[in-house]
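Dock chain B against chain A, hints included.
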Amino acid sequence: MANMIMASTKPLVPVCTSSRSPTPKLPILQISLPKAPTLKLKLPISKPQMLSLLGGIAPLVLARPSLAEEFEKAALFDFNLTLPIIMVEFLLLMVALDKIWFTPLGKFMDERDAAIREKLSSVKDTSEEVKQLEEKANAVMAAARAEIAAALNTMKKETQAEVEQKIAEGRKKVEAELQEALSSLENQKEETIKSLDSQIAALSQEIVNKVLPTA
Amino acid sequence: MNVLLCSINTLKRLYDISAVEVGQHFYWQIGSFQVHAQVLITSWVVIALLLVSAILIIRNLQTIPAFGQNFFEYVLEFIRDVSKTQIGEEYGPWVPFIGTLFLFIFVSNWSGALLPWKIIQLPHGELAAPTNDINTTVALALLTSIAYFYAGLSKKGLAYFNKYIQPTPILLPINILEDFTKPLSLSFRLFGNILADELVVVVLVSLVPLVVPIPVMFLGLFTSGIQALIFATLAAAYIGESMEGHH
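Sequence lines, in order, name chains A and B. Reminder that position 189 of the first sequence reads as 189 in the working numbering, one-by-one numbering, no gaps. Reminder that position 204 of the second sequence reads as 419 in the working numbering, one-by-one numbering, no gaps.
This is chain A alone, in the form it adopts within the complex (with noise of 0.2 angstroms):
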């Protein structure tokens, strides 16, 4: 400490420096008391073998008669009309305080606040009409596939009736046709009945001119 004392303070060193003593520590002993003549003068009431470091200051202060008339005003507790005026000016600024920030900034958050708290139940409140329109959804989603499947249903029997009719008019055509088949097939063989009979005529004829001689 004592070291960073006297490296911090300059106008000493050059002083404690110029001495002629050999030792380097003594002269800065030597040449600084020339330089507090007061404190030599006082020193010596104090008794040597007392003087620690706090022993030290308070001849120090007792060394300066100047800086003690100096200090005549100086006190730290010196009490006057500044603190009735410092109470004053703390109520005036605490009214201040209250009227341009507490309260406005206390009610606008506290509004706020409330605000919110009721946009958040609100939104409690649409998860049921997030329900009803579900519902909704549901009940229109239920409504067009029974829709489609009625289109389905009476596509499926447009579609079968007329399958249906084709295939018993093709059906009427086969057997029209068949029955047309069937009764030229009859024709035919009345027809080559006939040819048949007239033929069975002449056969006989014959076979019988071969088994009867003419005779």
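Read the hints as simulated data drawn from the structure, not as lab findings. Each residue gets a CB set at the ideal place from its N, CA and C atoms; glycine is no exception. Take these hints with a grain of salt, some might be off.
[Unchecked claim] Derived contacts from chain A toward chain B, CB cut-off under 8 angstroms, selection only:
| id | residue |
| --- | --- |
| 1 | D78 |
| 2 | L83 |
| 3 | F90 |
| 4 | L120 |
Just chain B now, kept in the frame of chain A:
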């Protein structure tokens, strides 16, 4: 002995450099009274700082707060929180008092550490934090005393004075003494801390002007904040104590 003389000499120089301004005041005469002008000037600056910033920020409030408004809301919530913890559910009317205590002390302390007051030369004394003058701290502490007496009396009427004989009448002198020790400890704690902090910085700067004082300065900022919080918290605690029911 000679070593001692040398060190006394340097100490004296140190005293000249650093401690010269301790207890020095720049006096104004008002009528037959004197005031510490440096305290008043810095307190005006502090008050102006608080009011102007508050007016600027609070002027247009937005639902989604910008940076400045966010900060002010945070401070208000902090103050409300401190008041609520110490006073209880009926903290509402006391928020302005506690808040102003905290803000005034905090801004004062930090102005002493951060604003370059020394640039402005006064004929005598120097500008510093208003809170390093005993007048300021005692004024605040007395206001706190008045506040908690008012709180107790308005809540319970004259039954408030029952607290002096509360656990037993034997404690009457101690209970009365408490009313004196509360403002005393409040004011001296703040005054001593701020003054000591500024002195330590000044002395360190005079010893080693570079780098070394910086941690102490940061420590000073920290102490300043803590002291403001302690003052406000204790004031709120005293108010809450005088308002709460007897055990």
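Cut-off 8 angstroms, beta-carbon criterion: hint that D78 (chain A) touches chain B:
holds (6 angstroms)
Restraint check, 8 angstroms cut-off on beta carbons, for F90 (chain A) near chain B:
holds (6 angstroms)
Given hint L83 (chain A) near chain B, where the shortest CB pair must fall under 8 angstroms:
This hint holds: L83 (chain A) lies near chain B, its Cβ roughly 4 angstroms from the closest one there, short of 8 angstroms.
Does L120 (chain A) pass the interface hint, meaning its C-beta sits closer than 8 angstroms to a C-beta of chain B?
violated (15 angstroms)
Violated hint for the displayed structure: number 4, the only one.
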